[in-house]
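S.K.: Taken in sequence, the protein lines are chains A and B.
Quick note on numbering that gives the first Met the number 0: the first sequence kicks off at 0 and runs consecutively.
Quick note on numbering that gives the first Met the number 0: the second sequence kicks off at 0 and runs consecutively.
It cannot be assumed that every hint is accurate.
[Claimed, not checked] Quick list of simulated restraints, FRET-style, between CB atoms:
id : chain 1 : residue 1 : chain 2 : residue 2 : range
1  : A       : Gly280    : B       : Ala141    : 44 to 50 Å
2  : B       : Ala79     : A       : Met335    : 29 to 35 Å
3  : B       : Asp289    : A       : Ser289    : 30 to 36 Å
4  : B       : Gly336    : A       : Asp290    : 38 to 44 Å
5  : B       : Ser322    : A       : Asp246    : 46 to 52 Å
6  : B       : Asn86     : A       : Lys317    : 40 to 46 Å
These aren't lab readings, by the way, just hints derived from the structure by calculation.
Fair warning: this is a prediction, and the values are worked out from it, not measured in the lab.
Cβ atoms here follow ideal geometry from the backbone N, Cα and C, with glycine treated the same way.
Chain by chain, the residues run as shown.
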Amino acid sequence: MKINWSEPGVPLSAVIHAALLLATLIAFTTAPNFEEQPESIAVDMITTDELTALTKGDKTAKTVKPDAKIKVDKLSDQPVPKPESGEAKKDIPTPAAKPPEPLPEQKPEPPKPEVPTPPPPPQPAKPEVKPQPAPEEPKPDGLKQAPPPKPEPPKPQPPKFEADQLAKLLDQQKKAQPPKPAEAAKKTEPNFDPNALEKLLQSKETPQKMASTGTELSKTSTAGSATGTASKLTLSQRDQLSGLLRDQITKCWSPPAWVTGADNLRPIIRIGLREDGSLDGLPVAVDSSSDPSMKAMEESAIRAIRQCAPFNIPPQFKSYYADWKSLAVTFDMKAML
Amino acid sequence: MRFARFISALVVMGFVATSLLPRVAHAELSITVDKGNFQPMPIAIADFVGSDPETAAQMSEIIRNNLKRSGIFQPIDKAAFIEKNVNFDAAPNFASWKAINAQALVTGRVTKDASGKLKTEFRLWDILAGQQLTGQQFVTDAALTRRVSHIISDLVYSRITGEKGFFDTRVVFVDETGTKDKRVKRLAIMDQDGANARYLTDGSELVVTPRFSPTSQEVAYMAFGDGDPKVYIMNTETRQREVVGDFPGMTFAPRFSPDGQKVVMSLAKGSASNIYVMDLRSRATTRLTDTNAIDTSPSYSPDGSQIVFESDRGGTQQIYVMSATGGGAKRLSFGEGARYSTPVWSPKGDYIAFTRQKGGQFAIGIMKPDGSGERILTEGFHNEGPTWAPNGRYLMFFRDQSGAAGSRVYMVDTTGRVENNVPTQNYSSDPAWSPLLK
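Take the sequences, apply the hints, and build the full model.
M.R.: Here it is in structure tokens:
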């Protein structure tokens with residue numbers, strides 16, 4: 000086919016269409032990210048508080064404790080750093096995602112001086128032992144107030160497990176269904192009985208993995224990502240918290256009613272908050288303007304925020320710190336004029 | 000031609016493609032605050048320091064009073080100050096000012112140099128942010144302490160509000176003495192805060208409706224001399240005066256154009272009054288309206304392109320707006336059962352102030368230049384004659400209280416929240432606010 004350059008219509012059209020197709024192919028290869036949104040709530044109707052407790056606690060628990068704590072046995076040493084602030088949270092691993100974690104965590108344990116348990120510490124250092132029955136008792140609650148639940152009884156057992164316990168278990172089995180003497184003799188030595196293992200696995204005690212799946216932490220959530228969505232504020236919590244903050248700022252804001260064209264001025268002030276609700280850094284106006292009226296609006300807004308800080312953040316929101324550590328506050332006078 | 004079509008198609012497709020590109024998501028919590036609590040800003044005005052404590056204290060007192068009258072500030076009682084002696088050359092102890100809830104602090108120093116000149120320095124501090132917002136110094140004649148105080152007040156006001164100041168201004172008004180049936184009316188001038196009043200006329204003739212030029216220290220007013228009442232212009236500094244135009248009949252309700260070069264007013268002929276404009280340089284006069292009704296109280300828009308005025312051409316007194324060159328007028332006021340008069344266009348252009356008479360009550364109000372958003376700022380037995388502060392954020396007017404023997408001048412802001420009496424020695428009426436002094 001000959002191309003008639005004085006009539007470039009068809010070939011040009013073809014070329015441009017091809018180019019366009021190529022361009023759009025490239026443009027669409029990177030699928031647009033979904034806008035980050037609060038996680039949808041399960042269909043089960045539960046209250047915000049219940050949900051909060053649920054996500055914090057053990058998912059297999061029958062009842063939702065009002066003050067559920069994370070079930071992480073290995074954190075027994077942590078109560079001290081924890082109250083300090085966010086640090087403790089960062090350190091806590093979420094074992095569900097990384098089971099090998101126990102090792103490093105356990106090392107600190109042996110030296111633990113406060114807990115009276117440690118006769119067997121040297122032994123638990125063996126990783127293979129850990130995932131088994133494990134110290135179930137030292138549940139979150141027990142961890143916090145070390146004395147009440149005496150973790151001693153279970154603890155000594157697991158270490159023994161390797162030799163004695165298995166033997167015992169086997170013994171028990173023997174009693175239940177007396178095996179042939181020959182078999183019995185055989186079994187005691189090779190010590191691998193699938194049934195016994197099965198029983199152990201079926202033990203009521205939740206495996207340790209589960210014990211710490213309650214993710215209270217946003218920093219190291221399920222997948223270990225800094226922005227994991229595991230403990231996002233739910234929509235209703237978001238509303239609740241922003242309502243609380245809005246009410247506090249409203250009380251402090253003296254709107255500059257005299258400002259020219261106030262109905263069209265809507266400064267946005269960005270603020271960082273610490274976990275205790277105090278200001279982290281200086282409040283800044285987004286798109287800070289040199290227009291005197293806008294400046295007066297911005298300054299009145301910043302004064303209001305300074306005046307109000309520290310903000311009162313109810314305890315139920317503390318665990319979602321990542322969600323409210325930075326705020327964008329829009330000030331709008333239109334409704335007041 | 001076809002090529003152009005391809006290109007335009009390409010552009011359109013490009014737009015479509017870009018609109019589909021991923022948007023940046025951000026996870027911060029967004030809050031909109033659309034309510035607030037109107038409250039004057041607590042401000043501390045430390046007594047100025049200096050070699051002449053009396054002058055220094057006087058200046059801080061003038062500033063304190065000015066800021067308080069604006070309604071935007073709430074000066075904190077000196078007795079509450081923790082840091083009593085503020086070092087002007089150093090940053091104040093912010094914590095101690097924060098402790099008494101101050102959000103801003105004004106410090107200053109006044110000294111006299113060898114030649115007798117007054118050197119005034121001041122600083123405005125943001126207590127919450129812990130930094131200086133503004134600071135300045137003035138070297139002036141020793142007699143100008145009041146003006147320097149007003150200028151400092153203006154700087155503080157405008158730095159905080161973003162609006163122009165209005166404290167360094169004067170007000171011409173009609174001072175009224177004598178009994179009701181033998182009233183002596185004299186033109187007088189005072190500072191915006193009521194202080195420093197002095198007479199401009201001697202009381203031998205009745206004077207009404209003074210209006211300040213927006214560009215100079217001149218006042219146009221109407222005086223009843225021998226013969227017909229006439230519009231005069233007087234220079235408030237030299238007190239020289241001259242009659243405006245040479246019209247047969249009574250001229251009244253004068254007002255300057257925004258450039259100060261023209262005076263627009265009413266001329267009565269028979270039972271009708273029409274609006275005329277006179278160029279002060281060429282003395283040329285132009286008739287702007289031609290009705291059998293009473294058209295009066297004309298006032299220019301700040302850009303000089305329109306004139307708002309009152310007219311009873313529709314049966315009752317209402318506010319109309321027309322081009323500054325005359326022609327068709329559009330009615331702005333439609334309040335039910337209400338009569339509107341003395342419209343005045345704000346120097347900022349965003350409002351028209353007026354007097355409204357309704358149900359036996361007189362109100363001062365403002366509306367947008369298109370007639371919408373009417374807001375009544377004060378209403379009562381008798382309120383009249385609004386005049387704008389040069390920043391367009393305050394109005395003065397005069398008020399007769401029921402049963403009172405005379406009227407007084409008041410000041411109100413455009414929100415209607417802030418109202419102050421302007422203290423005058425005698426009864427006072429017809430205030431006219433000057434532009435900022437230079």
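S.K.: Work down the list of hints and note, for each, if the structure agrees.
M.R.: Checked hints:
Remark: the range hint 44 to 50 Å for Gly280 of chain A to Ala141 of chain B is upheld by a beta-carbon distance near 48 Å. Take Ala79 of chain B and Met335 of chain A: their Cβ atoms lie about 30 Å apart, and the range 29 to 35 Å holds. Between Asp289 of chain B and Ser289 of chain A the C-beta distance comes to about 48 Å, which lies outside the given range of 30 to 36 Å. Checking the proposed 38 to 44 Å range against Gly336 of chain B and Asp290 of chain A shows it holds: the Cβ atoms sit about 41 Å from each other.
A C-beta distance of roughly 50 Å is found between Ser322 of chain B and Asp246 of chain A, which places it inside the suggested range of 46 to 52 Å. A hinted range of 40 to 46 Å for the beta carbons of Asn86 of chain B and Lys317 of chain A is consistent with their spacing of about 43 Å.
Going down the numbered hints, you'll see the structure goes against just number 3.
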